[in-house]
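**Q** Take the given structure of chain U and dock chain G with the ligands to it, following the hints.
Here is how the chains run, residue by residue.
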Amino acid sequence: MADTGGDNGPGKKAADKMFSLKKWNAVAMWSWDVECDTCAICRVQVMDACLRCQAENKQEDCVVVWGECNHSFHNCCMSLWVKQNNRCPLCQQEWVVQRIGK
Amino acid sequence: MYVERNKNLHQKHFAQQASFWAQKITMSLKPRRVDFSETWGKILATVRGVITLSKVPRPTWNDRFSDVYALCVAYPEPLAEQLYNETKNFLEQHVQSLYKIVNSSLDNLLATYHAYWQEYSKGAEYMNQLYGYLNSQYIRKQKLSDADLAYGHGIDLDEQLMEIGELALDIWRRLMIEPLKGNLVQQLLQEIEKDREGEQTNQAILHGVINSFVHVEEYNKKGLLKLYQDLFEKRFLEETGRYYRKEAGRYLTGTTCSEYMEKVIQRLSDEEMRSRKFLHPSSYDKVTHECQQRFVADHLRFLHGECHDMVRKDRREDMRRMYTLLRTVHNGLMLMVQEVEDHIKETGLDAISNITGDNLPTQFVESVLEVHSRFSHMIQKTLSGDQQFICALDKACSSIVNSRQDQRSPCKSPEWLAKYCDMLLKRSTKGMSESEVDDKLSASITVFKYLDDKDVYQKFYSKMLAKRLIQGNSVSMDAEEAMINRLKQACGYEFTNKLHRMYTDINVSAEHNKKFNEWMRENKEELGIHFNIYVLQAGAWPLGLTNPSPLNIPQELEKSVKMFDMFYKERFNGRKLTWLHQLCNGEVRTCFLKKSYIITLSMYQMAVLLLFNGSDKLTMAEIQSSTQMAEGELGKNVQSLVDAKLLINLDGKEQLTPNVVLTVNVEYTNKRTKFKIPALYQKETVQEVEQAHKAVDEDRKLYLQAAIVRIMKARKALKHNTLIQEVISQSRARFNPSISMIKRCIEQLINKEYIARSNDAADEYTYIA
Ligand SMILES: [Zn+2]
Ligand SMILES: [Zn+2]
Ligand SMILES: [Zn+2]
Numbered sequence: 001m002a003d004t005g006g007d008n009g010p011g012k013k014a015a016d017k018m019f020s021l022k023k024w025n026a027v028a029m030w031s032w033d034v035e036c037d038t039c040a041i042c043r044v045q046v047m048d049a050c051l052r053c054q055a056e057n058k059q060e061d062c063v064v065v066w067g068e069c070n071h072s073f074h075n076c077c078m079s080l081w082v083k084q085n086n087r088c089p090l091c092q093q094e095w096v097v098q099r100i101g102k
Numbered sequence: 001m002y003v004e005r006n007k008n009l010h011q012k013h014f015a016q017q018a019s020f021w022a023q024k025i026t027m028s029l030k031p032r033r034v035d036f037s038e039t040w041g042k043i044l045a046t047v048r049g050v051i052t053l054s055k056v057p058r059p060t061w062n063d064r065f066s067d068v069y070a071l072c073v074a075y076p077e078p079l080a081e082q083l084y085n086e087t088k089n090f091l092e093q094h095v096q097s098l099y100k101i102v103n104s105s106l107d108n109l110l111a112t113y114h115a116y117w118q119e120y121s122k123g124a125e126y127m128n129q130l131y132g133y134l135n136s137q138y139i140r141k142q143k144l145s146d147a148d149l150a151y152g153h154g155i156d157l158d159e160q161l162m163e164i165g166e167l168a169l170d171i172w173r174r175l176m177i178e179p180l181k182g183n184l185v186q187q188l189l190q191e192i193e194k195d196r197e198g199e200q201t202n203q204a205i206l207h208g209v210i211n212s213f214v215h216v217e218e219y220n221k222k223g224l225l226k227l228y229q230d231l232f233e234k235r236f237l238e239e240t241g242r243y244y245r246k247e248a249g250r251y252l253t254g255t256t257c258s259e260y261m262e263k264v265i266q267r268l269s270d271e272e273m274r275s276r277k278f279l280h281p282s283s284y285d286k287v288t289h290e291c292q293q294r295f296v297a298d299h300l301r302f303l304h305g306e307c308h309d310m311v312r313k314d315r316r317e318d319m320r321r322m323y324t325l326l327r328t329v330h331n332g333l334m335l336m337v338q339e340v341e342d343h344i345k346e347t348g349l350d351a352i353s354n355i356t357g358d359n360l361p362t363q364f365v366e367s368v369l370e371v372h373s374r375f376s377h378m379i380q381k382t383l384s385g386d387q388q389f390i391c392a393l394d395k396a397c398s399s400i401v402n403s404r405q406d407q408r409s410p411c412k413s414p415e416w417l418a419k420y421c422d423m424l425l426k427r428s429t430k431g432m433s434e435s436e437v438d439d440k441l442s443a444s445i446t447v448f449k450y451l452d453d454k455d456v457y458q459k460f461y462s463k464m465l466a467k468r469l470i471q472g473n474s475v476s477m478d479a480e481e482a483m484i485n486r487l488k489q490a491c492g493y494e495f496t497n498k499l500h501r502m503y504t505d506i507n508v509s510a511e512h513n514k515k516f517n518e519w520m521r522e523n524k525e526e527l528g529i530h531f532n533i534y535v536l537q538a539g540a541w542p543l544g545l546t547n548p549s550p551l552n553i554p555q556e557l558e559k560s561v562k563m564f565d566m567f568y569k570e571r572f573n574g575r576k577l578t579w580l581h582q583l584c585n586g587e588v589r590t591c592f593l594k595k596s597y598i599i600t601l602s603m604y605q606m607a608v609l610l611l612f613n614g615s616d617k618l619t620m621a622e623i624q625s626s627t628q629m630a631e632g633e634l635g636k637n638v639q640s641l642v643d644a645k646l647l648i649n650l651d652g653k654e655q656l657t658p659n660v661v662l663t664v665n666v667e668y669t670n671k672r673t674k675f676k677i678p679a680l681y682q683k684e685t686v687q688e689v690e691q692a693h694k695a696v697d698e699d700r701k702l703y704l705q706a707a708i709v710r711i712m713k714a715r716k717a718l719k720h721n722t723l724i725q726e727v728i729s730q731s732r733a734r735f736n737p738s739i740s741m742i743k744r745c746i747e748q749l750i751n752k753e754y755i756a757r758s759n760d761a762a763d764e765y766t767y768i769a
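Protein chains in written order, with the UniProt record's numbering: chain U, 1 to 102; chain G, 1 to 769.
Here chain U stands alone, though its shape is the one from the complex (with noise of 0.2 Å):
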């Protein structure tokens, strides 16, 4: 055990690697790609479903819609809003969808 060592301590190359990368084990975190965690409707964490789908037992369902300005809240908290108010409520613009999370 101890010939391994004094071997090799002086006759490293320098070029070599001293150690190589075999395996990575990740781990990431999804969330929706927002500006601000919390929909501004409803005051809940964009990640949490908004109140309406938890009381429902629908939070699977409760996906996140961006507009064109960039702002983003839950959907269905912007469905029901639109229907009184075609604006942002952040930025006042008109609302025009540009995606929704899946």
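These are computed hints drawn from the structure, not numbers from a lab.
For each residue, glycine too, the CB sits at the ideal point set by N, CA and C.
Be a bit skeptical, because a hint or two may be false.
With a straight-line Cα cutoff of 30 Å, these simulated DSSO-like cross-link-like pairs (lysine-lysine) come out [unchecked claim]: (1) G:559 / U:102; (2) U:17 / G:653; (3) U:22 / G:515; (4) U:22 / G:636; (5) U:58 / G:694; (6) U:102 / G:488; (7) U:17 / G:676; (8) G:752 / U:102; (9) U:58 / G:701; (10) G:498 / G:449; (11) G:514 / U:23; (12) U:17 / G:524; (13) U:22 / G:524; (14) G:430 / G:674; (15) U:22 / G:559; (16) G:426 / G:694; (17) G:595 / U:23; (18) G:713 / U:83; (19) G:617 / U:58; (20) G:701 / G:576; (21) G:594 / U:23; (22) G:576 / G:694; (23) G:559 / G:426; (24) G:674 / U:17; (25) U:102 / G:569; (26) G:100 / G:313; (27) G:645 / U:22; (28) G:515 / U:23; (29) U:23 / G:617; (30) G:226 / G:100; (31) U:22 / G:467; (32) U:23 / G:449; (33) G:594 / G:515; (34) U:58 / G:752.
Which chain U residues face chain G? A few, computed with CB under 7 Å, are given here [stated by the list, open to error]: (35) 20; (36) 22; (37) 27; (38) 30; (39) 47; (40) 48.
**A** Leaving out everything else, chain G with the ligands in the frame of chain U:
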């Protein structure tokens, strides 16, 4: 003919008579003149024999049967009424003469009465048959219908005609029982008392006499038992009460409660047998009830006084007796139930206060389960599994489980129970078989059901589940799923929703890895390392409680990050990935030693070690600027590598100050070729537990708000108090919410315009759609 006492023979005989009668009618249909005195004389002679069960030759019987017919259809006037009156006279005289005999045999009253009753009642049946034609053609037709009776019509009921059998019994009742009843009943009661004292009595006579009170009313369909009850049963029950009140008093002097109960149970069962020997079945329950009142209800204080000791000393036989007795009287069991509850509670609290050492969770759970199973077994075996005691067990266990070990801090039980499950679900060398683990997890649900703060349990459980899943040290995914399903069954879908999402994330991640590898092949790309990823859904996982240190991803990993990001963005819309370095790990191989080692390390350790591919020596400051790690985190990780002898601290100083120089230990040796650098999993700190409780509070607020929205949406408008009650009842399955917290949530929802204060009524809220 009448010596044939056998019922079957008797019926056969009657059938013969019927056919004879039919024959006779065809023979002499024509009514004829009949001399009443002469015919009645013949009938009377035969009837005297019939009523005393003397032998009547068949031809004579047949002739009398036709005589009755002849009188009923006599020309020019039917003589039925006369026949009826004469027969009635005869029976009355007969019974009166019997009465004289019976009444004069006072010392032998019951036996004499019984003998004549036997004869007379049988004889009356035969007479009823002999008068078959009179009964069916004359009396039944004249008898008023029930409807006529109901409307009254002012008819004197005494003038009612009766079939001959009924007439005979009615006469017996009037002329025998009535005048004799005082003596009769008194003697019956004396005899039964003798029986209770263990003396010899004649069951046939006693039962026969008593039953005659029912039998004489045989035709009285509505009031069959009235005579029996008025004449006998009422007095008998009084007498029974008197007798056993005295007995109970006698037993109480100089006996222990245990002896008293034993005697009483014996006495009760004897008396039940006695009822069956002597009485009409309708009396059985009344007698038993009377005895229970005298032995149990009258002495509840005495019996209750014994419950405390008996329950605590676990005197099973006494408990069984006590239960048998107390259950029979109204509210008798309440005190015993309370004693059992208190005792279980004390036993359980005692058991859990005695636990010490390092595996507190296991000791706690197994102590509670032991107490639960011991008493639940006892209740099944000794107390007939009575629901009231099962309820007491539940209340006691709930008190035990939710007791606070320290009044100043929250109850430990939810945390301990979660840790117990974690211990069972973690792969390790516990030496337990799969089915043992399964059984223990199932049993843990028993404790879980008693928890008040199920959400606290859930918080700890989810943290531990997260660790097991990410570190891959779960016994099996099947066991994890089974446990989540058990919790779901016990507490509902919503409760396990996040646990289930975690479980699903792991399964979906396996799919991502497979698809990612295919995508890489299609794009002719290679990473050069073995890459595996878990993608977790934010919000579902109890992460991010502690702020992890930042990290500059080692250049060796940059491509993996870039490619997977691309892959993921192609598949999903609007999602972003955050890499959780604190949860990543990796394997590196040493290339500078003859023997090559494979080392498993955390992401931070790996980032430090990989820097030495570029330089022989590095200062702490250089490492810091390349990795961008926070100072504290960096120090701990470098130290762990130095401790593992992979790096050498050239300055030899204790402190890893910024200018300390580090180099790789080129003489590294290890017996094993594959090993792990002990990761710096900080021991769970007090703060972490506190954080968990704080997070639970946050969850509770959200939960309550959702509950309020759900209730208000369904009910549209509600009074303040009703709403509070509804919220409490909906939340109770997972925790006991405080009123002040509910009030705060209502305020918040008013601010968020989910609900509003009603304009119409004070103290009322309305839902805003
Ligand atoms: Zn919202
Ligand atoms: Zn929603
Ligand atoms: Zn906007």
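**Q** Could you tell me which of the hints above the structure violates, numbers in ascending order?
**A** Hint check: 19, 23, 26, 32, 33 fail, others pass.
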